[in-house]
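Protein chains in written order, with UniProt numbering: chain Z, 1 to 397; chain F, 1 to 397; chain L, 1 to 397.
In short, the hints are calculated from the structure, not lab data.
Quantities reported herein were computed from a predicted structural model and do not represent experimental measurements.
Be aware that a few hints might be false.
Partner residues are not named here, just some residues of chain L that face chain Z (Cβ under 10 Å, in silico) [as the list claims (entries may be wrong)]:
(1) Leu32
(2) Pro39
(3) Arg275
Just a few of them, taken from the derived set where beta-carbon distance is under 10 Å, the chain F residues facing chain Z [stated by the list, open to error]:
(4) Pro39
(5) Ala41
(6) Phe48
(7) Ile52
(8) Leu72
(9) Leu75
(10) Leu165
(11) Leu252
(12) Gly253
(13) Glu263
(14) Phe266
(15) Pro272
Counterexamples of contact, computed for chain F against chain Z with all Cβ distances above 12 Å [as the list claims (entries may be wrong)]:
(16) Leu95
(17) Arg162
(18) Thr260
Beta carbons are placed, not taken as given, at the ideal position from N, Cα and C, and that holds for glycine.
Given next are the chains, with one letter for each unit.
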Amino acid sequence: MDFLSSFLMPFLAQLQSPTLGFLIGGIVIAALGSRLQIPDAIYKFIVFMLLIKVGLSGGIAIRNANLAEMLLPALFAVVMGILIVFIGRYTLAKLPNVRTVDAIATAGLFGAVSGSTLAAGITVLEAQGIKYEAWAAALYPFMDIPALVTAIVVASIYTSKREYLSKQRRTTGASPSAASASLSTAGASFSTAGASFSTTGEYPSTAGDYPSTAGDYPSTAGEYRSKQGKRVRIWPIVKESLEGSALSALLLGLALGLLTRPESVFESFYEPLFRGLLSILMLVMGMEAWSRLGELRKVAQWYAVYAVVAPLLHGFIAFGFGMIAHYATGFSPGGVALLAIIAASSSDISGPPTLRAGIPSANPSAYIGASTAIGTPVAIGLGIPLYVGIAQALMGS
Amino acid sequence: MDFLSSFLMPFLAQLQSPTLGFLIGGIVIAALGSRLQIPDAIYKFIVFMLLIKVGLSGGIAIRNANLAEMLLPALFAVVMGILIVFIGRYTLAKLPNVRTVDAIATAGLFGAVSGSTLAAGITVLEAQGIKYEAWAAALYPFMDIPALVTAIVVASIYTSKREYLSKQRRTTGASPSAASASLSTAGASFSTAGASFSTTGEYPSTAGDYPSTAGDYPSTAGEYRSKQGKRVRIWPIVKESLEGSALSALLLGLALGLLTRPESVFESFYEPLFRGLLSILMLVMGMEAWSRLGELRKVAQWYAVYAVVAPLLHGFIAFGFGMIAHYATGFSPGGVALLAIIAASSSDISGPPTLRAGIPSANPSAYIGASTAIGTPVAIGLGIPLYVGIAQALMGS
Amino acid sequence: MDFLSSFLMPFLAQLQSPTLGFLIGGIVIAALGSRLQIPDAIYKFIVFMLLIKVGLSGGIAIRNANLAEMLLPALFAVVMGILIVFIGRYTLAKLPNVRTVDAIATAGLFGAVSGSTLAAGITVLEAQGIKYEAWAAALYPFMDIPALVTAIVVASIYTSKREYLSKQRRTTGASPSAASASLSTAGASFSTAGASFSTTGEYPSTAGDYPSTAGDYPSTAGEYRSKQGKRVRIWPIVKESLEGSALSALLLGLALGLLTRPESVFESFYEPLFRGLLSILMLVMGMEAWSRLGELRKVAQWYAVYAVVAPLLHGFIAFGFGMIAHYATGFSPGGVALLAIIAASSSDISGPPTLRAGIPSANPSAYIGASTAIGTPVAIGLGIPLYVGIAQALMGS
Numbered sequence: 001m002d003f004l005s006s007f008l009m010p011f012l013a014q015l016q017s018p019t020l021g022f023l024i025g026g027i028v029i030a031a032l033g034s035r036l037q038i039p040d041a042i043y044k045f046i047v048f049m050l051l052i053k054v055g056l057s058g059g060i061a062i063r064n065a066n067l068a069e070m071l072l073p074a075l076f077a078v079v080m081g082i083l084i085v086f087i088g089r090y091t092l093a094k095l096p097n098v099r100t101v102d103a104i105a106t107a108g109l110f111g112a113v114s115g116s117t118l119a120a121g122i123t124v125l126e127a128q129g130i131k132y133e134a135w136a137a138a139l140y141p142f143m144d145i146p147a148l149v150t151a152i153v154v155a156s157i158y159t160s161k162r163e164y165l166s167k168q169r170r171t172t173g174a175s176p177s178a179a180s181a182s183l184s185t186a187g188a189s190f191s192t193a194g195a196s197f198s199t200t201g202e203y204p205s206t207a208g209d210y211p212s213t214a215g216d217y218p219s220t221a222g223e224y225r226s227k228q229g230k231r232v233r234i235w236p237i238v239k240e241s242l243e244g245s246a247l248s249a250l251l252l253g254l255a256l257g258l259l260t261r262p263e264s265v266f267e268s269f270y271e272p273l274f275r276g277l278l279s280i281l282m283l284v285m286g287m288e289a290w291s292r293l294g295e296l297r298k299v300a301q302w303y304a305v306y307a308v309v310a311p312l313l314h315g316f317i318a319f320g321f322g323m324i325a326h327y328a329t330g331f332s333p334g335g336v337a338l339l340a341i342i343a344a345s346s347s348d349i350s351g352p353p354t355l356r357a358g359i360p361s362a363n364p365s366a367y368i369g370a371s372t373a374i375g376t377p378v379a380i381g382l383g384i385p386l387y388v389g390i391a392q393a394l395m396g397s
Numbered sequence: 001m002d003f004l005s006s007f008l009m010p011f012l013a014q015l016q017s018p019t020l021g022f023l024i025g026g027i028v029i030a031a032l033g034s035r036l037q038i039p040d041a042i043y044k045f046i047v048f049m050l051l052i053k054v055g056l057s058g059g060i061a062i063r064n065a066n067l068a069e070m071l072l073p074a075l076f077a078v079v080m081g082i083l084i085v086f087i088g089r090y091t092l093a094k095l096p097n098v099r100t101v102d103a104i105a106t107a108g109l110f111g112a113v114s115g116s117t118l119a120a121g122i123t124v125l126e127a128q129g130i131k132y133e134a135w136a137a138a139l140y141p142f143m144d145i146p147a148l149v150t151a152i153v154v155a156s157i158y159t160s161k162r163e164y165l166s167k168q169r170r171t172t173g174a175s176p177s178a179a180s181a182s183l184s185t186a187g188a189s190f191s192t193a194g195a196s197f198s199t200t201g202e203y204p205s206t207a208g209d210y211p212s213t214a215g216d217y218p219s220t221a222g223e224y225r226s227k228q229g230k231r232v233r234i235w236p237i238v239k240e241s242l243e244g245s246a247l248s249a250l251l252l253g254l255a256l257g258l259l260t261r262p263e264s265v266f267e268s269f270y271e272p273l274f275r276g277l278l279s280i281l282m283l284v285m286g287m288e289a290w291s292r293l294g295e296l297r298k299v300a301q302w303y304a305v306y307a308v309v310a311p312l313l314h315g316f317i318a319f320g321f322g323m324i325a326h327y328a329t330g331f332s333p334g335g336v337a338l339l340a341i342i343a344a345s346s347s348d349i350s351g352p353p354t355l356r357a358g359i360p361s362a363n364p365s366a367y368i369g370a371s372t373a374i375g376t377p378v379a380i381g382l383g384i385p386l387y388v389g390i391a392q393a394l395m396g397s
Numbered sequence: 001m002d003f004l005s006s007f008l009m010p011f012l013a014q015l016q017s018p019t020l021g022f023l024i025g026g027i028v029i030a031a032l033g034s035r036l037q038i039p040d041a042i043y044k045f046i047v048f049m050l051l052i053k054v055g056l057s058g059g060i061a062i063r064n065a066n067l068a069e070m071l072l073p074a075l076f077a078v079v080m081g082i083l084i085v086f087i088g089r090y091t092l093a094k095l096p097n098v099r100t101v102d103a104i105a106t107a108g109l110f111g112a113v114s115g116s117t118l119a120a121g122i123t124v125l126e127a128q129g130i131k132y133e134a135w136a137a138a139l140y141p142f143m144d145i146p147a148l149v150t151a152i153v154v155a156s157i158y159t160s161k162r163e164y165l166s167k168q169r170r171t172t173g174a175s176p177s178a179a180s181a182s183l184s185t186a187g188a189s190f191s192t193a194g195a196s197f198s199t200t201g202e203y204p205s206t207a208g209d210y211p212s213t214a215g216d217y218p219s220t221a222g223e224y225r226s227k228q229g230k231r232v233r234i235w236p237i238v239k240e241s242l243e244g245s246a247l248s249a250l251l252l253g254l255a256l257g258l259l260t261r262p263e264s265v266f267e268s269f270y271e272p273l274f275r276g277l278l279s280i281l282m283l284v285m286g287m288e289a290w291s292r293l294g295e296l297r298k299v300a301q302w303y304a305v306y307a308v309v310a311p312l313l314h315g316f317i318a319f320g321f322g323m324i325a326h327y328a329t330g331f332s333p334g335g336v337a338l339l340a341i342i343a344a345s346s347s348d349i350s351g352p353p354t355l356r357a358g359i360p361s362a363n364p365s366a367y368i369g370a371s372t373a374i375g376t377p378v379a380i381g382l383g384i385p386l387y388v389g390i391a392q393a394l395m396g397s
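Start from the sequences and build out the full structure, keeping to the hints where you can.
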């Protein structure tokens with residue numbers, strides 16, 4: 001019962017948070033046939049603002065951290081961020097009827113970090129008087145940003161390969177149904193679909209609706225399809241992902257945070273506007289989610305299973321890495337628990353706008369639903385007490 | 001003389017307020033031929049931001065109010081909001097040469113509530129030591145939102161009927177001049193006209209300029225024009241008004257304010273940006289007003305009469321309702337005076353963006369001019385002392 | 001060495017300021033081939049917000065100043081603002097290969113005032129206990145706004161004359177290469193080019209790319225080309241510049257600041273958003289600058305010479321005017337030094353957005369590079385100690 005309430009309380013609080021409130025609001029008004037629209041230019045600007053803010057705060061945090069001291073834990077955080085995406089790629093994505101891009105995006109969100117889960121973990125450590133390194137909280141961008149970048153690049157490689165294969169088949173007389181499943185290349189640009197909701201509720205984003213996009217592409221991406229062999233060249237796709245507007249904004253913010261002194265403009269502009277702009281993005285994503293809920297009917301149970309198991313699994317792996325750092329460099333037990341909590345958390349703030357822009361073909365209902373409705377309550381309600389308890393038991397506090 | 005100064009002082013202060021200042025600024029630069037433009041996407045986003053904020057603050061106020069205790073006064077506030085629109089519909093709109101949609105929009109604005117008039121009323125009550133229920137100020141959304149919704153729906157029904165009748169006549173060979181008077185259906189979407197001011201000062205919004213719109217409509221609104229009888233079916237029009245972007249945003253904000261906990265994002269984002277965004281909207285409305293001032297030349301005196309008489313009349317009716325609540329449930333004399341002051345006030349904040357988006361064919365010069373330049377000074381300078389005085393005299397303080 | 005460090009320290013601090021940081025960030029991501037875009041509607045709105053804020057703060061400062069007392073120094077400030085533009089017009093613009101519109105824009109930026117240089121000057125005066133009039137800081141809008149207006153109008157006259165002459169030659173059989181060098185009329189509208197950066201790095205703004213614009217113009221600007229003589233009529237061009245969106249917004253803000261009471265909305269909205277929006281504009285200008293850096297290869301040395309000499313020269317001229325006011329009306333030595341410092345400073349805040357919108361054909365790499373990278377460090381590191389020292393020596397403190 002205590003177990004249940006420690007899970008249910010965060011769950012109920014989440015439902016009333018502005019983030020989820022606006023998401024559900026968007027779903028409801030779309031369901032009721034509202035003609036409300038957020039202009040496309042505004043949508044793109046909001047995504048830009050959110051991504052550059054995520055990058056800036058990461059860059060400022062890293063600049064202010066003592067890199068030499070935190071080297072090993074930071075390295076482990078980067079490894080975790082990348083690893084989580086590949087775990088999702090080879091578990092969730094392989095389940096029956098789960099769309100691969102949706103699974104990659106979900107794994108990216110579970111690899112990214114939730115600031116509120118991190119804050120909850122710090123509160124528990126301090127309430128119990130467990131010491132941890134002051135810079136441990138600054139580990140979050142080392143996991144957050146690699147996870148998002150990896151997810152976008154992996155999705156981009158997947159869709160490019162698929163497109164290439166379907167083209168091969170088409171030219172060799174293969175079934176046209178496979179050809180029509182080609183998707184738009186992820187990371188190409190801020191999706192233009194974000195704010196164009198027709199009153200009929202149709203949403204042209206299921207696979208097969210983008211033949212013209214696929215056909216228009218050769219001019220810029222042709223390089224890696226000109227090869228006649230079976231392999232697709234990876235680097236051009238990675239480069240193209242990094243040049244896309246989503247990762248450009250994220251990495252630009254990171255670089256500005258690291259190399260310049262943007263604190264004044266960050267604190268007076270990007271930081272205060274962040275939550276408000278996020279609420280509007282959530283509204284847009286809710287309106288989109290409504291039109292794509294149907295896609296999830298057959299696979300919702302797999303997302304639920306993933307969203308319960310993955311946070312705990314990620315936390316345990318990170319805990320193992322943390323113990324290596326504990327024995328190698330004296331990383332504190334509290335720090336080890338925090339690293340596990342960071343890995344267990346899934347982003348409900350920085351992740352959605354990044355993935356929405358970087359993997360436009362993925363269904364937000366899948367990744368946000370799994371993360372916000374299940375993953376975060378599991379991480380807070382189960383993960384935090386678990387890792388803090390084990391850290392105390394194993395290493396003394 | 002004391003009477004005159006109590007009217008003139010608020011009038012002069014109003015002229016320098018940012019709200020009216022930017023409106024006049026917009027009129028002046030349009031008159032001088034400026035090519036300044038606010039992009040359409042920005043205009044639509046500003047309207048969205050303003051409407052969702054009005055809804056959110058109403059919803060939060062209602063959630064924090066003691067509904068059981070305030071039931072009867074709240075009911076009377078709703079009745080007043082609706083009644084004021086119908087009073088305007090059957091008085092102002094019937095005067096010679098007054099355009100009906102302009103009159104309905106004006107009545108909607110006089111039914112909506114001014115926060116600053118309400119604050120002025122509370123200040124007077126407290127200065128004179130008159131008691132009132134703490135929740136009395138929370139009556140405002142109960143009058144504000146019903147008045148705006150009613151105005152938009154009534155305007156929508158009017159234009160639909162008119163369109164239907166003109167179509168009937170056209171098919172039976174009636175005069176084409178009547179046919180060309182059909183207006184665009186109100187509430188359909190944020191007007192696209194908001195930010196496209198040509199340098200020549202022409203503005204294509206007089207009746208008769210929208211034949212193509214009227215012609216394009218059957219696909220969505222056809223249901224209520226397919227009937228061959230004289231009656232127009234009301235419900236589809238109401239539903240369409242509610243699904244329009246203006247009322248969608250307003251009611252979405254109301255629902256989010258009532259059912260979730262958006263306080264953090266409201267206080268950090270929607271509330272602080274409100275007055276600034278409103279100043280830009282006022283600028284846009286001023287530029288538009290300039291091109292439509294000519295329409296008012298023949299009827300300005302009717303708006304002036306309405307703007308002086310209506311606030312006092314509305315206040316007296318509400319005072320009567322308040323007295324019923326006084327004798328039935330012990331509603332305090334101060335509360336009765338506040339209910340009358342709320343009814344006498346006309347919105348210069350929440351109303352204009354809502355009506356601009358919800359009744360795009362109405363002339364803002366008419367409704368904002370009448371409300372801000374005359375209605376508000378009358379309500380503050382004459383209404384407040386009147387109702388407070390009567391409340392003291394009739395019921396003791 | 002002390003001399004060098006007093007120049008180098010401000011230079012290095014500038015490089016990390018958000019203003020220059022975002023500019024360099026924009027250059028770098030454009031160089032790396034990023035597809036990041038700021039939507040055009042957002043770009044136009046940001047420019048509007050920045051310009052109206054510059055106007056508002058100028059207007060409020062002038063309204064709160066004691067005009068009678070500061071009459072002579074204010075007049076000299078206006079004269080300096082205009083004079084600086086003409087100095088640049090007849091020195092920098094005459095150097096070999098320097099584009100005239102670039103030179104005019106650069107002179108406009110050096111005529112405009114930097115708030116941070118002014119603040120640095122006041123700090124030095126106070127540290128050394130030198131008295132100055134409290135209203136001396138309010139002299140800045142009297143130089144800032146005339147300089148920007150003059151630069152836009154002079155650029156507009158120049159391009160119109162050029163267009164007219166090239167047309168004359170074309171009709172009399174002159175070389176077509178001269179005809180194709182006609183530029184778009186400055187000040188016509190917020191440039192639409194601001195946010196459309198192609199991935200190929202091409203930027204269609206070199207002379208000769210606007211023949212269709214030039215051809216489309218006769219309908220509005222025909223009046224001053226109908227004359228067959230050699231002279232172009234000036235007033236219509238001035239009027240057209242003032243009606244353009246850049247000067248409209250600037251002068252509207254000025255008028256609203258002077259005549260109404262916009263303080264509440266200024267302090268809650270325009271002021272806090274200013275630096276953040278400026279950072280985004282800098283990013284856009286950086287992306288544009290990258291594609292136009294090549295234009296400067298042959299002339300960079302002239303901008304460097306101008307940027308070192310001009311601030312000191314402008315400061316000395318203003319110092320002379322200040323001495324006249326000192327002997328005529330008792331203007332304090334500290335005030336004289338401040339007037340010189342204001343004249344020596346070049347705007348890195350108010351100027352760039354105004355010039356970008358008002359002289360869209362000018363190359364931002366030229367004027368921002370010269371001002372921010374060299375002009376401001378020279379004014380702060382050399383100008384301030386110079387004028388303060390001379391003021392003390394000549395007039396005693």
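Hints and how they fare:
1. With its C-beta approaching chain Z no nearer than about 7 Å, L/Leu32 sits inside the 10 Å limit, and its interface hint holds.
2. Residue-level restraint check for L/Pro39 holds (minimum Cβ-Cβ distance to chain Z is 4 Å; threshold 10 Å).
3. Evaluation of the L/Arg275 hint against chain Z yields a held restraint, the C-beta minimum of about 5 Å falling below 10 Å.
4. Interface hint status for F/Pro39: upheld, as the beta-carbon distance to the closest one in chain Z is roughly 7 Å, under 10 Å.
5. Annotation: F/Ala41 was flagged as interfacial toward chain Z, and the flag holds, the nearest CB pair being 4 Å apart, inside 10 Å.
6. The beta carbon of F/Phe48 is positioned within 10 Å of a beta carbon in chain Z (closest approach about 7 Å), and the interface hint is therefore held.
7. Given the 10 Å rule on beta carbons, the hint for F/Ile52 holds: about 9 Å separates it from the nearest Cβ of chain Z.
8. Residue-level restraint check for F/Leu72 is violated (minimum Cβ-Cβ distance to chain Z is 30 Å; threshold 10 Å).
9. Hint status for F/Leu75: violated, given a least beta-carbon distance of 26 Å to chain Z, over 10 Å.
10. About 25 Å separates the beta-carbon of F/Leu165 from the nearest beta-carbon of chain Z, more than 10 Å, and the hint is not met.
11. The interface hint given for F/Leu252 is met, as the beta carbon of that residue sits about 5 Å from the closest beta carbon of chain Z, less than 10 Å.
12. Because the beta carbon of F/Gly253 sits about 9 Å from the nearest beta carbon in chain Z, less than 10 Å, this interface hint is met.
13. For F/Glu263, the suggested interface contact is upheld, since its CB lies about 9 Å from the closest CB of chain Z, less than 10 Å.
14. Annotation: F/Phe266 was flagged as interfacial toward chain Z, and the flag holds, the nearest CB pair being 8 Å apart, inside 10 Å.
15. The interface hint given for F/Pro272 holds, since its Cβ lies 8 Å from the closest Cβ of chain Z, which is under the 10 Å cut-off.
16. Interface exclusion of F/Leu95 from chain Z stands, the closest Cβ pair being 33 Å apart, more than 12 Å.
17. With a minimum CB-CB distance of about 22 Å to chain Z, F/Arg162 clears the 12 Å threshold, and the non-interface call stands.
18. The Cβ of F/Thr260 does not lie farther than 12 Å from every Cβ of chain Z; its closest approach is about 3 Å, which violates its non-interface assignment.
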